[in-house]
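There are 2 protein chains.
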Amino acid sequence: MYLAKVYVTLKPTVNDPQGLTIKGALHNLGFASVEDVRAGKYIEVRVKESDPKKAHIQIDEMCRKLLANPVIENYRFDLEKA
Amino acid sequence: MYLAKVYVTLKPTVNDPQGLTIKGALHNLGFASVEDVRAGKYIEVRVKESDPKKAHIQIDEMCRKLLANPVIENYRFDLEKA
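Here the protein sequences line up with chains A and B, keeping their order. Add 283 to the 1-based position in the first sequence for the working numbering, that's all there is to it. Add 283 to the 1-based position in the second sequence for the working numbering, that's all there is to it.
Hints in this document: simulated from the structure, not taken from any laboratory. All figures in this text were calculated on a predicted structure; none of them were measured in a lab. Take these hints with a grain of salt, some might be off.
Since the list can't tell identical chains apart, any single copy or any two copies may satisfy a pair.
[Unchecked claim] Here are the computed lysine-lysine pairs in the BS3-like style, where the Cα-Cα straight-line distance is at most 27 Å: (1) Lys-294 / Lys-364; (2) Lys-337 / Lys-348; (3) Lys-348 / Lys-306; (4) Lys-331 / Lys-364.
Make the full structure from the sequences, and use the hints.
Listed below in structure tokens is the structure:
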């Protein structure tokens, strides 16, 4: 059993209205030191797989096919035995 | 300048319809080995602050006040010099 921690972020050149909204809200709350906010997704996927290499290949395929949109998003993931 | 990488996850006892939907979609795509999926948020916050202790306190306050809902969500963050 492996647990993949997947991080999906917008590519740096892509506009991020959610991040801008969070930044505005933080400023309104008095956090004037906030320079920039980028919002992304964090997904934990648990797979029944004993071979870490196979698990890695599967998770990468899941990211490309469903979890991330490769046109506008980057993804990375850590794999740990669970 | 510090960059905080904030991870917000639903508490384990809280129902996660988004995670269940992703799990169903992965099964439909043929990833039968997927056991469980939990969806969360990943937020990068860049703060203009030279003291790491002060940055840590500020980010923690941002999490409690805006980024996470402490009733149903857990949060953690890493702080790195940027």
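**Report entry** Homo-oligomer pair classification [Lys-364, Lys-331; C-alpha up to 27 Å]
**Finding:** Classified as within; 10 Å inside a copy, 37 Å across copies.
Query raised in the report: Which holds for Lys-337 with Lys-348 at a C-alpha limit of 27 Å: within a copy, between copies, both or neither?
Result: within (16 Å within a copy, 41 Å between copies)
**Report entry** Intra- versus inter-subunit Cα pairing at 27 Å for Lys-348 with Lys-306
**Finding:** between (30 Å within a copy, 13 Å between copies)
Query - Alpha-carbon proximity between Lys-294 and Lys-364, which holds within one copy, between copies, both or neither at 27 Å - result: Intra 29 Å, inter 21 Å, cutoff 27 Å: inter-copy only.
Violation of the numbered hints given earlier is absent; every hint is satisfied by the structure.
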